[in-house]
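Chains X and D are the protein sequences, given in the same order. Using our numbering, the first residue of the first sequence is number 9, and each one after it goes up by one. Using our numbering, the first residue of the second sequence is number 6, and each one after it goes up by one.
It should be emphasised that the hints constitute simulated quantities derived from the structure, not laboratory data.
Computed cross-link-like contacts, DMTMM-like style, restricted to lysine to aspartate or glutamate with a CA-CA straight-line distance of at most 20 angstroms:
hint, chain 1, residue 1, chain 2, residue 2
1, D, K105, X, D63
2, D, K105, X, E47
3, D, K105, X, D57
To spell it out: a stretch of chain D is covered by chain X in this simulated footprint if at least three of its residues, at any positions, have a beta carbon under 8 angstroms from a beta carbon of chain X; those stretches are:
hint, region
4, 52 to 63
5, 104 to 116
Quick partial rundown of chain D residues pointing at chain X, CB under 7 angstroms, derived from the structure:
hint, residue
6, G47
7, L48
8, F95
Glycine is no exception: its CB is placed at the ideal position from the N, C-alpha and C atoms.
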Amino acid sequence: GESVGLHLPTLSVQEGDNSIINCAYSNSASDYFIWYKQESGKGPQFIIDIRSNMDKRQGQRVTVLLNKTVKHLSLQIAATQPGDSAVYFCAEGSGNTPLVFGKGTRLSVIA
Amino acid sequence: DSGVTQTPKHLITATGQRVTLRCSPRSGDLSVYWYQQSLDQGLQFLIQYYNGEERAKGNILERFSAQQFPDLHSELNLSSLELGDSALYFCASSSLYNEKLFFGSGTQLSVL
Chain X
9 GESVGLHLPT LSVQEGDNSI INCAYSNSAS DYFIWYKQES GKGPQFIIDI RSNMDKRQGQ
69 RVTVLLNKTV KHLSLQIAAT QPGDSAVYFC AEGSGNTPLV FGKGTRLSVI A
Chain D
6 DSGVTQTPKH LITATGQRVT LRCSPRSGDL SVYWYQQSLD QGLQFLIQYY NGEERAKGNI
66 LERFSAQQFP DLHSELNLSS LELGDSALYF CASSSLYNEK LFFGSGTQLS VL
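So here's chain X without its partners, still in its complex pose:
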């Protein structure tokens, strides 16, 4: 079946550097994409979302990029801080189907 996946299971970055977390999706019918952050012992927390009619969306220190041609989604975190250490999930959805989540990337920020 179609699924959402992540290129890297772990990512270590230096504090203050920018982080890029990647995600590949295979369902060409997906029109809604979303990133979640999950800290240890907590539920996933919404970060940012984007619809397929856009290719870029910015939030506070975060940017999501969508490349529909290659079915690729990325989350950029500017000036990464220790508090950004968590597992990040991408998810895709379309119309009547519930969100499908990828397996997650663990981001570790090195002070």
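Dock chain D against chain X, hints included.
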């Protein structure tokens, strides 16, 4: 705080037993979703309810069932528990169909 409340936070039980997980969605949200998260899997969608009616079903075992009540809270019932059912169970809610989900803090189920 997402506004989604799940109880209990932790549950320890034995194989063969039955448990009920409870979820109160954010005020005004009509959709409730249940997800299972285990160490070697991501967030696996189990089931969705919208305004009291089942809307979508995912990888939910026949031993599991759920319902959404008129006050919109939901319960997930897990029966004939097996060791492999040990996982984090999350409830999420949304105001619109399949839009941004708000997750509760989960119920950690341990089957011994």
